[in-house]
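Student: These are the residues of each chain, in order.
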Amino acid sequence: MSDAVSALNGKVAAGEVTVRDSGLQGMIILRGDLADKKLRSACKAVTGLAVPERGKAVVEGKSGLCWMSPDELLVLVPYEQAGEAVAKIDEALSGTHYLAENVSDARALILVEGEFGREVIAKLAPVDLHPDSFGVGDFRRTHLGQVAAAFWMVDEDTFAVICFRSVAEYTFNLLAASAKAGRVGHLV
Amino acid sequence: MLILHCPYCGVDADETDLHAGGEAHLKREGPGSTDDDFEDYLFLRENPKGVHFERWRHVYGCGKWFLAARCTNTLEVFGTYSAQTTEPPQEIKDIISEKRSGWSWGNLS
Ligand SMILES: [Zn+2]
Chain A
183 MSDAVSALNG KVAAGEVTVR DSGLQGMIIL RGDLADKKLR SACKAVTGLA
233 VPERGKAVVE GKSGLCWMSP DELLVLVPYE QAGEAVAKID EALSGTHYLA
283 ENVSDARALI LVEGEFGREV IAKLAPVDLH PDSFGVGDFR RTHLGQVAAA
333 FWMVDEDTFA VICFRSVAEY TFNLLAASAK AGRVGHLV
Chain B
3 MLILHCPYCG VDADETDLHA GGEAHLKREG PGSTDDDFED YLFLRENPKG
53 VHFERWRHVY GCGKWFLAAR CTNTLEVFGT YSAQTTEPPQ EIKDIISEKR
103 SGWSWGNLS
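Protein sequence lines, in the order shown, are assigned to chains A and B.
Heads up, the numbering used here is the position in the first sequence plus 182, with the first residue counted as 1.
Heads up, the numbering used here is the position in the second sequence plus 2, with the first residue counted as 1.
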């Protein structure tokens, strides 16, 4: 067994808003009928959480469920449990029309922490991040600068950002530059 | 800048989150069709100044295709709706009639 290393290998850009590598994170793409009882109970079994509503993420620690599209969820589990979780889902959904794939090593997870983290993201994504429009638990797939990304609001001062592994460095630097440039002051 | 409401995500998606997919409601002409019908299906497109129906894909979001009714002249968006339709829903047509009385597009009016 080789030692798995996250794309950013613990990188941190400290500042008023800190951008940091969240480290290895188990991620499973699950496609299927989100209303299906078997699928919903399989999600519960591997994460302990209920399937979120449209546009939402429910995350506790390293486990979570993110709404990706009407027929797709991103299942978060601790990194070392991803293989086992896929096997559990496969077993539960066998015979139904679905797809479950461990994509942990194809992605990166970055945390943006600080009081104006909202503005750090708002400068990079075509998303209304006003507190009235985007709050804790809201999840959005979009792009940051030139690359596809998704993010959710963990708490008032923290955003979690997911991107493809191949563009992790770009995404990290983009967020760090946005944080370093400081607050805009529109989202108070 | 064009902003379209994705009927699947329920979010207002910016043009940069979307990919344009050309004219909506094309009827496919396959083997056995006449040359004229096939040419029409493959090559001939509406190109109005005004009311238009288009396919769009929420490419950076949910990845789903949906349809949009909008005005190519003013960029006003009349509405977006499911791609699993062969013609615009009545409510969309009503909105257009209210704002652009006497409109027509292909066989629709
Ligand atoms: Zn969408």
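Quick caveat, the hints were computed from the structure, so don't treat them as lab data.
Even for Gly, the Cβ is constructed at its ideal location relative to N, Cα and C.
A portion of the hints provided could be inaccurate.
Selected chain B positions facing chain A (in silico; Cβ < 10 Å) [to be verified]:
#1 Met3
#2 Glu17
#3 Asp19
#4 Leu28
#5 Glu31
#6 Gly32
#7 Ser35
#8 Phe45
#9 Glu56
#10 Gly63
#11 Lys66
#12 Cys73
#13 Gly104
#14 Trp105
#15 Trp107
#16 Leu110
Student: Work down the list of hints and note, for each, if the structure agrees.
Tutor: Now the hints, each set against the structure:
1. Met3: 9 Å, holds
2. Glu17: 8 Å, holds
3. Asp19: 5 Å, holds
4. Leu28: 24 Å, violated
5. Glu31: Where the cut-off is 10 Å and the nearest Cβ of chain A is about 30 Å from Glu31(B), the hint is violated.
6. Gly32: 27 Å, violated
7. Ser35: 32 Å, violated
8. Phe45: 33 Å, violated
9. Glu56: 19 Å, violated
10. Gly63: 5 Å, holds
11. Lys66: 6 Å, holds
12. Cys73: Violated - the Cβ of Cys73(B) stays beyond 10 Å from chain A, reaching only about 22 Å at its closest.
13. Gly104: 35 Å, violated
14. Trp105: Check failed: Cβ of Trp105(B) comes no nearer than 30 Å to chain A, outside 10 Å.
15. Trp107: 28 Å, violated
16. Leu110: 27 Å, violated
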